[in-house]
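Listed here are the chains, written in short residue letters.
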Amino acid sequence: MTSGKPFPVNAWYPAAWGNEVDRTLKARTICEQEIVLFRRTDGAVAALEDACWHRLLPLSMGRLAGDQVVCGYHGLVFNASGRCTHMPAQQTINPSACVRAYPVVEKHRLVWVWPGDPALAKEALVPDFHWNDGAEWKGEGGTFYSLKCDWRLVVDNLMDLTHETYVHSDSIGHDAILDTPFEVTHAENTATMTRWMIDIDPPPFWAKQLGRPGKVDRWQIVTFQAPAVVIGDVGVAPAATGAPQGDRSHGVNGAFLAAIAPETETSCHYFWNFVRTFRTDDEDLSRALQRAHVNDGKGVYDQDHVVLEAQQRAINRHPRQPFYNLNIDAGALWARRIIDRMLEQERGPQGSVQAAE
Amino acid sequence: MTSGKPFPVNAWYPAAWGNEVDRTLKARTICEQEIVLFRRTDGAVAALEDACWHRLLPLSMGRLAGDQVVCGYHGLVFNASGRCTHMPAQQTINPSACVRAYPVVEKHRLVWVWPGDPALAKEALVPDFHWNDGAEWKGEGGTFYSLKCDWRLVVDNLMDLTHETYVHSDSIGHDAILDTPFEVTHAENTATMTRWMIDIDPPPFWAKQLGRPGKVDRWQIVTFQAPAVVIGDVGVAPAATGAPQGDRSHGVNGAFLAAIAPETETSCHYFWNFVRTFRTDDEDLSRALQRAHVNDGKGVYDQDHVVLEAQQRAINRHPRQPFYNLNIDAGALWARRIIDRMLEQERGPQGSVQAAE
Amino acid sequence: MTSGKPFPVNAWYPAAWGNEVDRTLKARTICEQEIVLFRRTDGAVAALEDACWHRLLPLSMGRLAGDQVVCGYHGLVFNASGRCTHMPAQQTINPSACVRAYPVVEKHRLVWVWPGDPALAKEALVPDFHWNDGAEWKGEGGTFYSLKCDWRLVVDNLMDLTHETYVHSDSIGHDAILDTPFEVTHAENTATMTRWMIDIDPPPFWAKQLGRPGKVDRWQIVTFQAPAVVIGDVGVAPAATGAPQGDRSHGVNGAFLAAIAPETETSCHYFWNFVRTFRTDDEDLSRALQRAHVNDGKGVYDQDHVVLEAQQRAINRHPRQPFYNLNIDAGALWARRIIDRMLEQERGPQGSVQAAE
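Protein chains in written order, with the working numbering: chain A, 1 to 357; chain B, 1 to 357; chain C, 1 to 357.
Note that these hints are calculated values from the structure, not bench results. Only a predicted model underlies this, so the values are computations on that prediction, with no experimental measurement involved. Careful: at least some of the hints might be erroneous.
Note that the list lumps identical chains together, so a pair holds whenever it fits in one copy or between two copies.
[As the list claims (entries may be wrong)] Below, in silico cross-link-like pairs of lysine-lysine (DSS-like), each with a Cα-Cα straight-line distance of 30 Å or less:
hint	residue 1	residue 2
1	K298	K122
2	K122	K5
3	K298	K215
4	K5	K298
5	K215	K148
6	K148	K208
7	K107	K26
8	K215	K26
9	K215	K5
10	K107	K208
Between the sequences and the hints, there should be enough to build the whole structure, so can you do that?
See the structure below:
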């Protein structure tokens with residue numbers, strides 16, 4: 001189902017925010033597959049191949065009729081399972097006439113699609129993204145659609161927060177990040193980078209959130225869930241109040257949430273949020289934090305955006321150069337290893353693709 | 001002269017409207033060949049290769065001197081036969097110095113060029129496009145230059161009018177088109193799709209042209225002339241006045257005219273007109289019909305334009321997928337068969353190209 | 001160090017005007033190599049590979065700290081020799097961590113870099129461009145960055161001034177250029193085209209500079225210095241005052257200066273100046289001459305710019321067509337032969353590349 005592409009296809013990828021999908025036809029490309037999304041009359045989301053069986057016109061250029069899609073060129077109709085139910089000017093319908101239907105799950109306020117073998121698509125495999133549910137944790141996120149970089153560069157970026165010191169030196173960067181050792185652990189499908197900075201001066205952002213002077217203990221616990229989710233548990237607590245030992249009750253806790261979908265080999269969709277458990281009713285704070293991340297080029301994620309796309313352009317110009325790695329890359333390296341293992345499994349022992357076509 | 005390109009080259013293709021070609025140099029690409037067109041002092045049109053023999057600068061960037069073209073870089077002069085008649089700073093002219101001259105005929109208000117073997121270019125082979133002469137039939141047409149699709153997609157579009165029901169549902173579409181069987185006939189170089197809709201309510205456009213209430217008989221007789229002309233004889237007459245039997249005198253008759261030239265493998269020039277034999281002196285009607293077809297994105301051909309370019313983009317993304325066909329495609333399929341036969345003939349029995357280089 | 005590219009790499013190429021390079025990081029691509037330029041604290045210019053050893057981000061997106069460059073992603077630091085002197089969050093520095101440092105010389109108001117084997121880069125090989133020093137000869141030049149043509153087309157253009165008659169017919173063109181024989185001489189690394197037009201009416205530009213009526217002797221002595229410099233010694237003197245014999249004291253003398261750097265196979269940077277020994281204190285004249293050459297599309301070099309880019313586009317469309325040559329191309333042909341010999345030398349007797357990687 002894939003071959004040589006830099007993304008596993010037997011995985012759930014975020015395709016849209018739930019509130020983006022309504023009774024219109026929305027086109028989105030995931031893993032180089034064009035998909036049309038729509039919400040059925042029963043409220044569930046459907047995801048079909050976005051190319052008419054007949055002459056390939058994107059179905060997203062047609063219209064929705066009940067739970068069926070009518071092609072905008074010759075009027076072929078496809079139901080939410082992808083089967084053709086009407087052909088113009090003929091009674092008999094070719095039984096092989098269908099477009100592909102993608103497994104789809106709406107969970108944690110995102111719509112997830114499975115671009116690979118449908119038989120392998122289990123809802124239980126949807127990544128844990130519960131921080132985004134809007135319950136305990138609050139925040140307002142966003143999406144970078146068609147970010148012009150290999151999706152794995154976003155994973156690299158998030159798994160090593162050292163870059164904050166250089167890319168985000170005016171907000172969340174801090175020399176303590178550099179000075180403090182970190183630890184990386186990993187399981188079959190996850191890798192976690194943990195860094196505790198004990199008894200430090202807080203950086204401007206966190207000093208403001210904590211709202212009281214003095215030294216803090218700061219934590220960054222970043223977990224990768226293969227292949228394309230990263231959760232960063234971050235925060236500060238007044239020094240010596242027990243946070244490293246498990247009592248964060250005196251501190252402020254946030255989490256950055258990233259769910260990434262490969263669009264092509266060199267572009268991706270990056271769904272993000274920054275949520276918190278403090279001042280959860282403060283909608284002004286939610287909006288301020290959202291603007292701190294993405295704000296017309298001035299937010300911290302805007303800064304990453306510039307770096308990531310420049311890095312991809314450089315890779316395009318130096319296609320054979322391997323990456324060199326530093327100690328700081330340990331978290332990203334484990335994420336890459338897990339991704340590579342998924343890719344190898346999909347390609348099979350002979351290098352062929354195992355998944356059903 | 002071609003190899004593997006999706007267009008025959010031994011054919012007349014429209015390159016310009018006659019009134020576009022004057023005493024200036026006009027560049028146009030036909031079948032991936034850059035051509036410069038100009039009108040000679042005797043009124044005839046000349047068509048030369050648009051690249052100087054010396055250093056390839058487009059001759060269309062030079063200037064016309066009498067019936068000769070002066071290159072804008074070093075002043076080489078080429079006559080209307082393509083022979084170099086002057087070289088800068090030297091008396092002797094390399095006898096092989098020439099650019100290609102293309103057979104060209106001005107007929108039916110269009111300039112036709114023959115991009116293939118000049119020895120095969122017979123004026124008698126110019127397609128019958130007399131409806132465009134401005135005599136019996138009247139209308140004002142236009143051109144889509146560099147329409148971003150394989151020229152054959154335009155042929156497909158015109159040979160199956162079922163699409164009117166979906167693409168042009170607000171003007172000329174009609175469920176009767178779907179409900180009525182049609183007949184396809186073919187000869188060596190033509191294919192004709194004939195559909196008679198008997199005793200139906202006319203669609204809005206035709207009701208207005210007929211100007212009287214009541215049921216009508218409606219006809220669509222669409223003829224393909226290989227490789228790139230389609231003529232659609234269309235109209236309505238009051239029901240039971242004998243139109244199907246040959247008496248159209250009580251009705252209104254129009255014709256859509258299409259002459260298409262491949263520009264590249266994935267772009268074409270589409271010269272069109274819509275002419276009629278009713279109210280032929282009504283210039284307001286001519287302009288209204290012109291606007292009904294192309295009007296800043298709102299005309300019926302504008303709607304086709306959007307669909308055709310989207311279809312081409314989808315083909316580019318799915319290069320190996322074959323087209324599936326429906327009953328409605330019978331006319332287009334015959335046109336495609338005739339085009340394919342022309343391509344095979346040009347490539348010769350061994351797959352090589354027969355035409356002289 | 002190159003293979004099959006249409007430019008020698010063991011040569012000095014202009015990368016910037018001296019006054020462009022300051023205490024900021026400037027990115028420039030020379031011979032398909034991305035380079036970051038900056039001025040060190042001691043005033044010398046440094047040129048490094050513009051891609052971080054670690055993850056390829058252009059170093060030009062980072063910042064200068066003293067004489068070192070700090071990468072804008074993870075803070076690796078490189079000194080002006082390209083050696084990494086700091087890695088984030090680790091004490092030990094991988095001794096192989098470095099980026100390439102390019103030989104660089106600032107001379108004749110230009111910054112020259114050597115993209116090939118550093119061991120071969122001798123300052124004595126910097127082309128003679130002393131007319132640009134601002135001493136005896138005065139003028140104000142400019143640069144076409146990323147001119148979209150193979151750099152050799154610029155050499156061709158300058159080595160044959162016949163084109164002035166056609167491309168610049170309204171200013172410096174003159175039929176006498178066509179009527180007058182010229183002579184081409186060559187040495188190992190230079191080729192010179194000499195044309196004397198004796199007792200002619202001066203073209204408008206030169207009549208104005210001379211400022212007195214009457215016939216003139218006009219000279220054009222254009223010298224190519226391999227691989228990418230062309231100097232044109234041009235001027236007029238009143239007829240019969242001895243200029244051809246060596247006494248130019250009654251005339252006016254200018255020189256066009258061209259230093260060209262390949263950027264890619266089909267683009268280049270073209271540094272130009274037009275200097276003179278007459279009215280050298282007249283800054284208005286300097287600006288007027290600058291505008292005569294480049295003036296928002298209306299200068300003579302703007303006219304060349306249009307022709308050169310059109311020629312490249314034509315070459316791209318006719319990749320296999322060889323150039324045909326005329327007598328007027330004798331100077332350009334010698335320049336091309338010298339360039340070809342340099343290319344062959346770099347590729348070595350077996351077609352392999354001799355220079356160190």
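**Message:** Reference check for the pair K215 and K5, CA-CA at most 30 Å: within, between, both, or neither?
**Reply:** neither (48 Å within a copy, 59 Å between copies)
**Request:** State whether the alpha carbon distance between K122 and K5 is at most 30 Å within one copy, between copies, both, or neither.
**Result:** Answer is within; shortest intra-copy Cα gap is 23 Å, inter-copy 46 Å.
**Item:** Homomeric proximity label, K215 with K26: Cα distance no greater than 30 Å
**Value:** Neither: 49 Å inside a chain and 41 Å across chains, both beyond 30 Å.
**30 Å Cα threshold - placement of K208 relative to K107** = neither (33 Å within a copy, 53 Å between copies)
**Prompt:** Is the C-alpha distance from K298 to K215 at most 30 Å within one copy, between copies, in both cases, or in neither?
**Reply:** within (28 Å within a copy, 66 Å between copies)
**Prompt:** Within a copy, between copies, both or neither: where do K298 and K122 come within 30 Å Cα-Cα?
**Reply:** neither (40 Å within a copy, 46 Å between copies)
**Message:** Regarding K107 and K26, is the shortest C-alpha distance of 30 Å or less found within a copy, between copies, in both, or in neither?
**Reply:** Only inside one copy: K107 and K26 sit 18 Å apart there, 47 Å across copies, limit 30 Å.
**Request:** Give the relationship of K148 and K208 under a CA distance limit of 30 Å: within one copy only, between copies only, both, or neither.
**Result:** neither (33 Å within a copy, 52 Å between copies)
**Message:** Treating 30 Å as the Cα threshold, decide for K215 and K148: within, between, both or neither.
**Reply:** neither (40 Å within a copy, 58 Å between copies)
**Request:** Check K5 against K298 for me: Cα-Cα at most 30 Å, and say if that holds within a copy, between copies, both or neither.
**Result:** Neither. Shortest intra-copy (33 Å) and inter-copy (41 Å) distances fail the 30 Å Cα cut-off.
In this structure, the hints that do not hold are numbers 1, 4, 5, 6, 8, 9, 10, in rising order.
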